[in-house]
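Enquirer: Residues per chain, in single letters:
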Amino acid sequence: MMDFMPSENATQAIFVARGLTKTYRLGDVEVPALRSIDLQLYRGELVVLLGPSGSGKSTLLNILGGLDAPTSGEVYYLDHKLTGASEADLTRFRREHVGFVFQFYNLIPSLTARENVAAVTEIAKSPMQPEEALQLVGLGNRLDHFPAQLSGGEQQRVAIARAVAKNPAVLLCDEPTGALDSATGVVVLEVLEMVNRELGTLTVLITHNVGIADMADRVIRLSDGRIAEERRNAHKRAAHALSW
Amino acid sequence: MRVLNRKLLRDLWHMRGQMLAIAAVIMGGVATLVISLSTYDSLVDTRDRFYSEYHLADVFDSLKRAPEPVAERLAAIPGVQRMETAVTTGVKLEVEGFPDPITGQILSLPDVGQAQLNRLYIKRGRLVRPWSTDEVVITDTFADAHHLQPGDLLTAIIHGKRKRLTVVGVAVAPEYVYQIAPGAMFPDFKRFGVLWMGRHALAAACNMEGSFNQVSLTLARHANEQDVIDRVDSILAVYGGTGAYGRKDQLSNRFLSEELKELRTMVIIFPAIFLGVAAFLLNVVLSRLIALQREQIAILKAFGYSDLAIAMHYVMMVLLLVLLGVTAGAALGTWFGWGLSHVYTETTFRFPYLDYRVQPGVVLFSLVVSALAAVSGTLVSVMRAVRLPPAEGMRPEMPVAYRTSLVERMGLKRWLSAPSRMILRHIGWRPLKSFLTVVGIACACGLMMVGNYQQGAIDFMVDVQFRQAAREDLALSLIDPTSGRALHELEALPGVRSVEGYRDVPVILRYGQYSHRAMLFGIQPEGQLHRALDRELRPVPVPPGGVVLTDHLANNMLHVKPGDVLTVEVLEGSRPVRQVPVLGITKQYLGVSAYMQKDSVNALLREGNTVTGAYLAVEPGAEAKLYAELHDRPRVLGMIANKSAIQSFYDTIGEFILFFNLVATLLAGAIGFGVVYNSARISLSERGRELASLRVLGFTRGEIAYILLGELALLTLAAIPVGFLIGIGLVGILVVAFQGELYRLPMILTPENYAMGASVVVASALLSGYLVWLRLGRLDLVAVLKTRE
Ligand SMILES: Nc1ncnc2c1ncn2[C@@H]1O[C@H](COP(=O)(O)OP(=O)(O)OP(=O)(O)O)[C@@H](O)[C@H]1O
Ligand SMILES: [Mg+2]
Numbered sequence: 000m001m002d003f004m005p006s007e008n009a010t011q012a013i014f015v016a017r018g019l020t021k022t023y024r025l026g027d028v029e030v031p032a033l034r035s036i037d038l039q040l041y042r043g044e045l046v047v048l049l050g051p052s053g054s055g056k057s058t059l060l061n062i063l064g065g066l067d068a069p070t071s072g073e074v075y076y077l078d079h080k081l082t083g084a085s086e087a088d089l090t091r092f093r094r095e096h097v098g099f100v101f102q103f104y105n106l107i108p109s110l111t112a113r114e115n116v117a118a119v120t121e122i123a124k125s126p127m128q129p130e131e132a133l134q135l136v137g138l139g140n141r142l143d144h145f146p147a148q149l150s151g152g153e154q155q156r157v158a159i160a161r162a163v164a165k166n167p168a169v170l171l172c173d174e175p176t177g178a179l180d181s182a183t184g185v186v187v188l189e190v191l192e193m194v195n196r197e198l199g200t201l202t203v204l205i206t207h208n209v210g211i212a213d214m215a216d217r218v219i220r221l222s223d224g225r226i227a228e229e230r231r232n233a234h235k236r237a238a239h240a241l242s243w
Numbered sequence: 000m001r002v003l004n005r006k007l008l009r010d011l012w013h014m015r016g017q018m019l020a021i022a023a024v025i026m027g028g029v030a031t032l033v034i035s036l037s038t039y040d041s042l043v044d045t046r047d048r049f050y051s052e053y054h055l056a057d058v059f060d061s062l063k064r065a066p067e068p069v070a071e072r073l074a075a076i077p078g079v080q081r082m083e084t085a086v087t088t089g090v091k092l093e094v095e096g097f098p099d100p101i102t103g104q105i106l107s108l109p110d111v112g113q114a115q116l117n118r119l120y121i122k123r124g125r126l127v128r129p130w131s132t133d134e135v136v137i138t139d140t141f142a143d144a145h146h147l148q149p150g151d152l153l154t155a156i157i158h159g160k161r162k163r164l165t166v167v168g169v170a171v172a173p174e175y176v177y178q179i180a181p182g183a184m185f186p187d188f189k190r191f192g193v194l195w196m197g198r199h200a201l202a203a204a205c206n207m208e209g210s211f212n213q214v215s216l217t218l219a220r221h222a223n224e225q226d227v228i229d230r231v232d233s234i235l236a237v238y239g240g241t242g243a244y245g246r247k248d249q250l251s252n253r254f255l256s257e258e259l260k261e262l263r264t265m266v267i268i269f270p271a272i273f274l275g276v277a278a279f280l281l282n283v284v285l286s287r288l289i290a291l292q293r294e295q296i297a298i299l300k301a302f303g304y305s306d307l308a309i310a311m312h313y314v315m316m317v318l319l320l321v322l323l324g325v326t327a328g329a330a331l332g333t334w335f336g337w338g339l340s341h342v343y344t345e346t347t348f349r350f351p352y353l354d355y356r357v358q359p360g361v362v363l364f365s366l367v368v369s370a371l372a373a374v375s376g377t378l379v380s381v382m383r384a385v386r387l388p389p390a391e392g393m394r395p396e397m398p399v400a401y402r403t404s405l406v407e408r409m410g411l412k413r414w415l416s417a418p419s420r421m422i423l424r425h426i427g428w429r430p431l432k433s434f435l436t437v438v439g440i441a442c443a444c445g446l447m448m449v450g451n452y453q454q455g456a457i458d459f460m461v462d463v464q465f466r467q468a469a470r471e472d473l474a475l476s477l478i479d480p481t482s483g484r485a486l487h488e489l490e491a492l493p494g495v496r497s498v499e500g501y502r503d504v505p506v507i508l509r510y511g512q513y514s515h516r517a518m519l520f521g522i523q524p525e526g527q528l529h530r531a532l533d534r535e536l537r538p539v540p541v542p543p544g545g546v547v548l549t550d551h552l553a554n555n556m557l558h559v560k561p562g563d564v565l566t567v568e569v570l571e572g573s574r575p576v577r578q579v580p581v582l583g584i585t586k587q588y589l590g591v592s593a594y595m596q597k598d599s600v601n602a603l604l605r606e607g608n609t610v611t612g613a614y615l616a617v618e619p620g621a622e623a624k625l626y627a628e629l630h631d632r633p634r635v636l637g638m639i640a641n642k643s644a645i646q647s648f649y650d651t652i653g654e655f656i657l658f659f660n661l662v663a664t665l666l667a668g669a670i671g672f673g674v675v676y677n678s679a680r681i682s683l684s685e686r687g688r689e690l691a692s693l694r695v696l697g698f699t700r701g702e703i704a705y706i707l708l709g710e711l712a713l714l715t716l717a718a719i720p721v722g723f724l725i726g727i728g729l730v731g732i733l734v735v736a737f738q739g740e741l742y743r744l745p746m747i748l749t750p751e752n753y754a755m756g757a758s759v760v761v762a763s764a765l766l767s768g769y770l771v772w773l774r775l776g777r778l779d780l781v782a783v784l785k786t787r788e
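First to last, the sequence lines map onto chains H and F. Numbering that gives the first Met the number 0 puts the first residue of the first sequence at 0, with every later residue one more than the last. Numbering that gives the first Met the number 0 puts the first residue of the second sequence at 0, with every later residue one more than the last.
Any given hint could turn out to be false.
[Stated by the list, open to error] Partner residues aside, some chain H positions facing chain F, computed with beta carbon under 8 Å: (1) 14; (2) 61; (3) 93; (4) 99; (5) 105; (6) 107; (7) 109; (8) 117; (9) 118; (10) 119.
Since the hints were derived computationally from the structure, they do not count as laboratory data. Even for Gly, the Cβ is constructed at its ideal location relative to N, Cα and C.
The shape of chain F in the complex, shown without the other chains (with noise of 0.2 Å):
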């Protein structure tokens, strides 16, 4: 056994470049596994961790006022152990410096000692003095974004009235783990902040002095929450109580969730990916290279080892190799993962740390499947080996008869010269094996489509929410429902091209079990700017009378489907309870939204032509003059610029995006040169006698290394097609996981995806023919002549 140990070690050895090659694929399987699952691991654990510490509320509530002795009456309810009151509104923000419309939402801290509930991390200053009138603590996202550090100044204008205030704090939140303005579809950091102040000094601000407008609590170890909710609702109804909700309709946790609920599909579908197509790239290639020991395992059956000595020899081959891929790919996916974790939590997640690590299951299980797939390759391989007879498998394996291939039976015969016959006899000998190869290559092609597909994914993504459907350049929101006649006011303003009043209200919408909470917007029906899409991505006319609703949020999440009739609760006013029938589906790729005509929302809720926003088309340059002119006006609560979010939007992807394709171009990458130059390097050794010979004969090393490398050309050009169909395939299988209510990804596939895919197929067996072409004239001529084979 010692000999054949050193065989082993030689083997490896003489074949370190194949082996390094699949040693690749398999690191690039084992590596996109650790990295999404640590990715997923510890942004879940850095979640509870950060919740707990800092005490994030089990159950929230906001209401248009209530005296602070109602208080008591909450923390009464059974079940309710801790609840902590506070004031919060929204406010308008100037940074010295920077001349975009700012707005932010600002919280009351207690005036003396620590919150009780929704804690702040402070990572640098400190918090608040006891009754300071002028001191913030800021969100570290939006300290960030304007580089403001404890001793800044800036501007809020709370209910119209300016307040100069000096950040003392930068914290990070657990209510605000994901930051969005109300409305928004994205993050921006730059156009949106959050803030706290003492509660004294807020409430002076907005004229809530002895009163609150939120409420926290958490709930006791065995407490029912819908109970406690319902509890809440009764006591808070006539305070103007926007209805309890859970943790689950905490706007920052439910983006949270819904991240993480998306990033959990990642990390299942794209390493089965990845790692699926390794191990059968790992079986395909083994089995080859194991093809050609043929000779040698029937002389060691001859010297009298057993099967199994000879088949655990070849095992303990490739698990050497399945061993040295596991590690390589652990580390870098430990690497790459320890990043994207970092990315996360600085594009779209806040936490004040990132508990990261890789739980040791994860590389044991990749181990398993990597170590499965190449021993099972290699196991088909070494048995159809050593059943042969000693006699026959000493024999060189040769067919029993060549043919002619299809093409030159179609009689382009005399047009082909010998080495051209060559390459298609070879490739038609065993149409299997070159079959596989063409997938091989192909998978290689398509892993690269999917691993760029988000880019264009994204582009058609923003193009049909912003160029499509939500068209206007400024989405204005006013403090509260006003009367439709404000819109002539802001048509006659300077730079306003046209005006579309809005009438938003927020509603559970309930069918059957099912409801979800939203925002139910009444627009205008024939509007321009904002508009509903059918399933062609056309434009339709919302109806009168009912409510249109997106896709996913009819079909997935509400499952009613038109001529349904809802349950609307409306959380305003006097909360009326209606039934609106369903009269369409939209279509809309980023978030859900349910429609109705605004005069429908006005007849809905009982009252006239009233709105709660508008959306705005400007002429192009007059934006700076008209936001400045409209931040002032003390009615206009927020403003969310189309053009502004956008870029805010692809700054904070960008560095995301770019992430993610670097470490999946690198993995793609990896896989595919492991393959291609495998088929090339196997290729070598199944024919390298032929060509040796062909070189005594005086062939040029450059006609020999068309007949090898022309093989190759022709079954990586085959492959391309097949890699596309493989991209597509693979991309249909994301589309179809990737289907939130964040979002729902397009089926939508570039030219340049198509470009990635078919380049990285081609670098690959570019640099492989480069290197079988050294090897090429490395052959020995001499030694090709003294054996038989």
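Bound conformation, chain H alone (with noise of 0.2 Å):
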């Protein structure tokens, strides 16, 4: 079970990282992912991080999302500890709390949009509609459609939909508009932006444009397993004014 988190700060933050460290062995060879990350993110911030390729930045994703376990330091998700959580309370923990946005959809082929979106809310406690879902990212049209039926930029909206169905208090984003064309990732990006405004959902999302940093409320650079910057943006820029 889940420790309760001693701290004074629990009720604004939502995670709280501690000396967060992920080192990967192979064979003789040690290859640090994350080196002692300490880190704060709060309710209704959109969180952009930045870095290098190999940073670490799907790392540091992977475990505040119950994907990955560091190999030390801790994590708190509100009172919960991760850290050491077993296998099933970190399944439940995704399951009601976060909402999973990845480079390459990994939507299910076999279900339909309005399916996909159905396939968390069916488990999820107190979810939307699946059609208000997909209302919300604009593809109210498209309901009855499988993924071999839209273009890539619908079927990242279809992830973003099912993520935020099941009213998640945190929205992981890995380069979501990654593999799409600047326009199409502006409305990927539009999307974001509204949920985590209506809805208020803490919204982390990794990229590699610096020219997506400008939506954020703060960026958090990556560098060599390190956090090697942090600011605040004086004025966030809104997603469609955007272009890279």
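Grab the two chains, each in its own frame, and use the hints to assemble them into the complex.
Expert: Structure (structure tokens):
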């Protein structure tokens, strides 16, 4: 079972990470992916993670999302300790609180857009209607299409609808626009921005595009497994004003 | 190329579970072939060697009695190489501590020196001493059944006279490789024995001094057997000769040949079924497995590898697999085959030794068949993959569009959860693939049913034979034809409930070019104990004035139909030849019979009310006393008690069936597991990404297992009825193939057969499901997000 965190900040911070370290061991070689990361993420924030390839962005996101465990250090989600939690607890955590969006969409090819969303809402506690979620991402008219019948951008929007439909507390997006052209990418980002604004969902967004960072409340730059820079945007730019 | 080879080994290692399962399929098929062929070859070789080393005669005849000088005339027949006369008679035996009646055949050995023909292989002890009067050699079957050793005593009643005899040797005889009491259906080593004693002593015991009643001879190289037989017949006719016959009609050899013929059918049918199914499965499984390699193939092509190089790569991979499977199959087959041959020689045939060997050709053949099946399955998929332009191949094989499944369209949609819909659509997406998987699993079910079919079939045949047709408790044969009045005497014995007399006579039945040597049985037309059965297995009365034949005898041996007229050559007395119409066809699974009314046989032989034996119904509990009573009567030659005959049959065949079932179960199980496990594993490979994605979204292991295993469960369930149909079909093939003189297999499938067939599938599915469940716990959730596919 998860322990209670004895911190006073618990009410504000959704995620608190302390001394997060992740080291991959390949035979005799040690590959450090994260080196002692301290981090707090707050309710309603839109955070962009930047950094060169291999700097540890995905590793960090996966640990936050309960997909991976750090080698050392601690992560708290509200008052639940994620580090050391059992596989079943992590599964429940993902199921109830986390929405994921991936670079490669990861939709279920045998299910329609509506059913892809329904697959998640069926097992969630207080979800939206799948139609509502798809409406939100502007696909109210493509409910019964299979992934193979949708464009990449549309598939990614279905993935976002699937991620937000359960009303998660956090939305974790790993290069959601990585496989899209910039115009389509902007449409996807608009959706994320809207979800963040309307539902107040803590949104963490990994990207290689420095331009995208302008829409964030906060930008965290990773380098070589460490936080190299952390800044707040004085004024966010709207997603539709971005381009790359 | 060296990198490609490393890839090959790594791929094999990575898929080792599946590879082993495929190898198990090959092993199952090959083992069946090796078992069957090596057993058959070994028995045939052993028979041939034994016959020639121990000088089995070519022509035999038995007669009433001829003075010894007649032998010289027989030896002088052109074409006769060696000739030997002997004395033989039926005996009743008593062994200390065994209450049932035992009958036997006792034969003479030369008083001095070795026999010329039909020599004995002495397994323990020695031959009888020259001119000894109380020494016997017994067959090893009888010795083993009663734990008799040289030095032990037994009592023989020869022509009504009791004689104490000392066992001095235990032997195996080429003339009695297959030992069966005259008139019996099965060998019964406890209640029938063969013995040899000195000629002088035996002749004295049965008043045959200076005479003989049996002759055996071998033929010179170019002699014509039929000519010699005719000459022997003409010489011995006046001495009560019963018609000389060649090896093919010699009882032991005839049974042996029939058994070997049946075994030969089995040798062809069983491996054909097993290897055929294994080859089919190999083809299906490999083509699916290779289909998974589609993108890798496209990438290799993009690098500039030629189609041929790529094809060779995969062919090498499956050939390695085939080699593994064939080696394992050959080893297992040799081991089981050795076991089966020995079971055969312990339950059915007696040989002094067994030349067990596996011909290299057999292994080579199975290698070629497996390789062809594997390579063709592989090439189909490889070709499909290399034909694609690399760019297209590298894209994941997405369905053009999934369609809503039939079940959903039928309006059940609202009750199906998303995972259930995934199951149905995945099955419906590639119906051919799903269908082949179902057929593959079904084949394992069918094989299992075939493997376990024997027991039920044998129970059925025994039931028909002994509870419908030959329902008597005791079949009694008399030393000579006797007046029917003797039956009253039997009826009066305590414990006898009813008596039906019969008249049997040895005959040759002829129709056109076809002939068959048999006993013609005259039975009571309205008999309640011994009855003929019609096609529907209902008892039918035998009509007067003609003969009714077992369907196999009529249709396949004599080629007659009701209305045709048979020539019946009687081999007794004045050996009359008569014309007798065929009046009907009867159903019988064990052996073949020719029945007439008893009065009609009496008329045929121009004799009065005469019987040669009787069928008795006995009060329960009165058997032992009655048997002892009858045993002591000098006119009673032999007795066959049905209950003990069936019992001994099951005793001897039990081990055989057990062995056979074990092997069939193992092989069908290996094949079944191989198919089901591969289906599950391939599904896992095909859908691993999807399932991992669902895990990331918060689905539990149980929930994604439902998607994967639900599909497996559904296919397995669908496979069971299909498997039943395949099982019925395969058993049908067996039934058509096994239509011999000794037995014809019935088309019988018991609930147990179905249960076994279904359970191999269910057990394989459960075990595979469990293994896949373990794998699902190790799904790499992170890796699946990093890659496109
Ligand atoms: N399974 C693994 N085994 C070994 N090393 C790994 C594994 N996964 C990641 N790494 C290493 O960990 C480091 C961080 O990887 P990570 O995927 O977090 O990088 P990233 O910042 O997401 O890069 P990118 O922008 O290219 O996606 C890299 O050096 C990578 O090589
Ligand atoms: Mg990454």
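Enquirer: All hints, please: hold or fail.
Expert: Quick rundown of the hints versus the structure:
1. For residue 14 of chain H, the interface hint is violated, the least distance from its beta-carbon to any beta-carbon of chain F being 17 Å, above 8 Å.
2. Interface hint at residue 61 of chain H: satisfied, since its Cβ lies 5 Å from the closest Cβ of chain F, which is below the 8 Å cut-off.
3. Annotation: residue 93 of chain H was flagged as interfacial toward chain F, and the flag holds, the nearest CB pair being 4 Å apart, inside 8 Å.
4. Look at residue 99 of chain H: its Cβ gets to within about 6 Å of chain F, closer than 8 Å, so that hint holds up.
5. Satisfaction of the interface hint for residue 105 of chain H is found here, the shortest Cβ-Cβ separation to chain F being roughly 4 Å, below the 8 Å cut-off.
6. A distance limit of 8 Å between C-beta atoms decides the matter here; for residue 107 of chain H the minimum to chain F is near 5 Å, and the interface restraint holds.
7. The beta carbon of residue 109 of chain H comes within 4 Å of a beta carbon in chain F, closer than 8 Å, and the hint placing it at the interface holds.
8. With 8 Å as the threshold, the beta carbon of residue 117 of chain H comes within range of chain F, its nearest partner Cβ sitting at about 5 Å, so the hint holds.
9. Interface restraint check: residue 118 of chain H against chain F, minimum CB-CB distance 4 Å, threshold 8 Å, status holds.
10. The beta carbon of residue 119 of chain H comes within 6 Å of a beta carbon in chain F, closer than 8 Å, and the hint placing it at the interface holds.
When the structure is compared with the earlier hints, a violation turns up for hint 1 alone.
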